[in-house]
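Colleague: Chains as they are written, first to last, in the numbering used here: chain A, -16 to 481; chain B, 1271 to 1574; chain C, 985 to 1291.
Derived by calculation from the structure, the hints in this document are not laboratory data. Only a predicted model underlies this, so the values are computations on that prediction, with no experimental measurement involved. One or more hints might be untrue.
What the hints assert, rightly or not - Computed list of lysine-lysine pairs in BS3-like fashion (alpha-carbon distance at most 25 Å, straight line): (1) Lys186/A / Lys59/A; (2) Lys368/A / Lys1317/B; (3) Lys305/A / Lys368/A; (4) Lys1317/B / Lys113/A.
Claimed, not checked - Far from chain B, by Cβ distances over 10 Å, these chain A residues were calculated: (5) Glu20; (6) Thr63; (7) Asp85; (8) Gly111; (9) Asn117; (10) Thr224; (11) Phe230; (12) Ala313.
We put the CB at the ideal spot given by N, CA and C, even for glycine.
What follows is the residue order along each chain.
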Amino acid sequence: MKKMLMTALILGSALAPAYAGSGPIKIVLPEEADLLEPCMATRSNIGRIIMENVSETLTELDVRGKKGVMPRLAEKWEQTQDGSWRFHLRQGVKFSNGTTFDAKDVKHSFDRVMSDKNACESRRYFGGMKISANVVDPYTIDFKADPAQPILPLLMSLVTIVPEETPLAFIREPIGTGPYALKNWTPGQQIVLAARSDYWGAKPQVTEATYLFRSDPSVRAAMVKAGEADLSPSISQLDATDPKTDFSYLDSETVYLRLDHNIQPLNDVRVRKALNLAIDRQAFIGTLVPDGAVLATALVPPTTQGWNPDVKVFPYDPAGAKKLLAEAKAAGVKVDTPITLIARTANFPNVTEIMEAVQSQLQEVGFKVDLKFVEVAEHESYYSKPFKEGRGPIIVAAMHDNSKGDPSFTMFFKYASQGTQSGFTDPKVDDLIKRASAAVGDERAKLWSQLIAYLHDDVVADALLFHMVGFSRVSPRIEFKPTIATNSMLQLSEIGIK
Amino acid sequence: MLSFIRKRSVASLISLVGLLVLVFFLSRLTGDPAALFLPVEASAEMKQQFRELHGLNDPLMVQFGRYVGDVVTGNLGESLRKARPALGVVTEAFVWTLWLAVITMSLVTAAAIVVGSLAAFRSGGFFDRLSSIISLVGASVPDFWLAIVAIVVFSVNLAWLPTSGTGSILHWILPIAVLFVRPFGIIVQVVRGSMIGALSSAYVKTARAKGVKAGPIIFIHALRNAMLPVITVIGDQAASLLNGAVVIETIFGFPGVGKLMIDSILQRDFNVVLAAILVTALAIFLMNLLIDLAYALLDPRIRH
Amino acid sequence: MTVSTPDTTITHEPPFPVRMARMLWADKFALCAVIFLLVIIVLALVGPSWLGELATKQNLRGRNLAPFDWSREWVWWMGADALGRPLLARIIVATQNTIMVAAGAVILSSITGTLLGLVAGFSSPRIGQVIMRLADVIMSFPSLLIAVIVLYLLGSSILNLVAVLSITRIPVYLRTTRAEVLEIRERMFVQAARVMGASQNRILFRHILPVVFPTLTTLATLDFAYVMLAESALSFLGIGIQPPAITWGLMISQGRQYLTNAWWLSFWPGLAIIMTTLSLNLLSNWLRIALDPVQRWRLEMKGRKNG
């Protein structure tokens, strides 16, 4: 309790100068939340509104510093002898409906996520494992996982806690322990959260938050400028012209070209390397991709555990690419086969132009590339397994988001033989993923680093492009710094009012 | 007249049912909602479970039978995305669309008939040229241009009007103004063309020759004759507004049925798509019925 | 203001083309329109082979180059797009696809719609009823849904794009034609023709179609603009025209996000659409007068006065 008070004090003093005010704010977001279901809060359009504002989690990841997993509704936790985890819960916490928070709520919340009576999205983080929750006493709960989960405390930052009485089916009025409660929701127009007077933690400066939804980025920027909103966490790079209000931030989204290694000529490592050498990544930065974006050497952003600083971006070397292609051709690889580059319309800013540029750079060194833009459902059918039989060589341009701090949320899906978006099979990759997922601490980081280097340098698994940046516009009357997690979570308690 | 309406209603009902059946089957050929509702990382089991939960695993005919059974009892199903009754979602949005369409089309009709007839009266003259150029530019200018420029000028720079959203009368001005331009351009041209034809028709000429001044009588006579194609085109434009003004709804954050329909189609939220088509189709059928009645009123010789 | 023009002595009438040319000369607006459309047609034919190379050559360092830099080569006078490609060259190259799609969709929908409308107005009430209700169905079928369905079942191609666009435009021609037919067929001269034993087809094509025609051409010319813009909205779905292929509509939508920073990206292709619509309309207005024996004197008079 004392520790919590201390952090609250420190947080409070860091955010707010002595004359700090309080009051309501308006936030304009690109996409409306179609649901306010706590177990769907891992989806960004929902999470941005309710995650840690209405619905809290046992733990939370420190995205502003390097403190790792921090306590929230759990005060502390430890791993017991048999590999299961014991969480000690905070006492004196009340839900917004007045009931008291205890271990039974945690168990129900977890079981609800795992239930087959609904389509809770958060369940995807627990694929391939068996977990059971056992209430020890009202403020202690054990999670037993098979196989053992070294990152279970991190996983618990994705499970929102609802009261025990919540039905299994989706609900429309979320009840949580967070600093805010849902006050009003007019579908298609606005959602209003109001600060609770009986919140267990520090009182936030924002007393009420109104969420508005506009899909056009220039309208969002205009609204903050015209004073109709105080904060737009995502505006277009082109509108971010005022250094006083507009800030860029690294947003955990990584753009890459997924290669299908099963089909000629992409089954040849020389061809894949040539493809990488042919792309002038640096030329995109500051032109089609905003300044501040980072060239990627892994599918996870640099803030992730085990990110490997020794892996170097492929240089732009068209001559080298041509040479590799010639070698492959001499060895009998059909390098002239037309390759289809699949991209999703409106997937990320400038996607059309970026893909057109990539296409022309690949053609420059001798690849035959057809560019095809498709809508989301069709894109998904190319991106995920099962892949179509009788397909030609395909490159899928995609964007992947991992702000969770650990590569396990990425590596299995994108690179393991069983991964739904994996374009190849490599026993060494499978082995490394398995061992890294089971390891802890430095060992874990080391194994992930090894995997990242192996994927990039030896397998040449894909063509990694950029870690993207987002732009936010913040009205001068409030204080807010976006983080790598702002895409998926926007904690109102971190917003100060001047 | 009454028997006409009765016959017509029956025929409309049959085509409405046909439309819904068509949409039901065709839309289900366009991909799997589970893949769109769940993130790409979701496992095959999760997707399977999702389909099970929403009855998407059953044979198409079984799904259809269930749907028909539900519809007969007045239940149009739940939205996959929003976890609430599809009909409620749609009617909520349609009210906004309806108001927007009715207000805009009334203004457009009034303005276009005045401008178009004046242009026709002195065709080839200065006013005719000017109104032609303005209306043609209006008919071919991309609506998002107008919308964004209007926001930058009137909301950001001049600060006269709110940028977007709903809440007060002021919020309606920009969307309606932008929405006004295209149908206005088209209908002015149709009125003008039709009026030129009517004014050069034999009996108007005779009336003019007899010395009846270019006054209201001629005007009204000619207008009445010219109205048939005009009404048809007004109906066509109104129908496209009733289907939702997508660009306007997107840019101005207007909670109408157009964006709802697009989102539901892209997300394969079939129940909402069907409910939306049902509601908008009812409105469009009804409007076409009114238009056909209007033909008969304008020209009693037309028999149905 | 009567039909007769007393000051004209009936002289030898010049041959048809000469007469048309004179009447065109008399209406300077129509003359400009014809010249503009001829240029467009020529560009549509030669554009891709003439400037295709130049229009796709990217230069990331020269992106969003401002227009009116006369010191550069002429293709750069309208500025450059987000990939540094010359806009003027791109507009010229895009003409072919644009005109193909727009003309294809407008011609297909207007002809189908008009024919169905004639049938609906002239045949038995039962068939008419069926056709009209079919039009209702099309009118209330969201065009986006048609597009998605076509995309999934048939795949994307220019032909499918034209089909989708024209299906959605059929009802307006159909309803317009039918409404006029219902009215006209009760008129005196049609009744007379019928009494005199004229065949159904003759009545349709000789007596009714000419009366409906002006309204239909007005609609069709306006639909050109509509189709060019709608096509870009559908390309969002991945149907039809996809980059690197270009149309004016696609260029407009690509320039959309630069509207407040680099207006020229979507302005020039927009202007091209407006100019084309304007020209088509001026031309059709002129044609209507020029081909109407009752009104032709206006142009002939003017031509004479202007010398």
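Colleague: State for each hint whether it applies.
Modeller: Results for each hint:
| no. | hint | result |
| --- | --- | --- |
| 1 | Lys186/A / Lys59/A | holds (22 Å) |
| 2 | Lys368/A / Lys1317/B | holds (12 Å) |
| 3 | Lys305/A / Lys368/A | violated (32 Å) |
| 4 | Lys1317/B / Lys113/A | holds (18 Å) |
| 5 | Glu20 | violated (7 Å) |
| 6 | Thr63 | holds (28 Å) |
| 7 | Asp85 | holds (28 Å) |
| 8 | Gly111 | violated (8 Å) |
| 9 | Asn117 | holds (24 Å) |
| 10 | Thr224 | holds (13 Å) |
| 11 | Phe230 | holds (20 Å) |
| 12 | Ala313 | holds (38 Å) |
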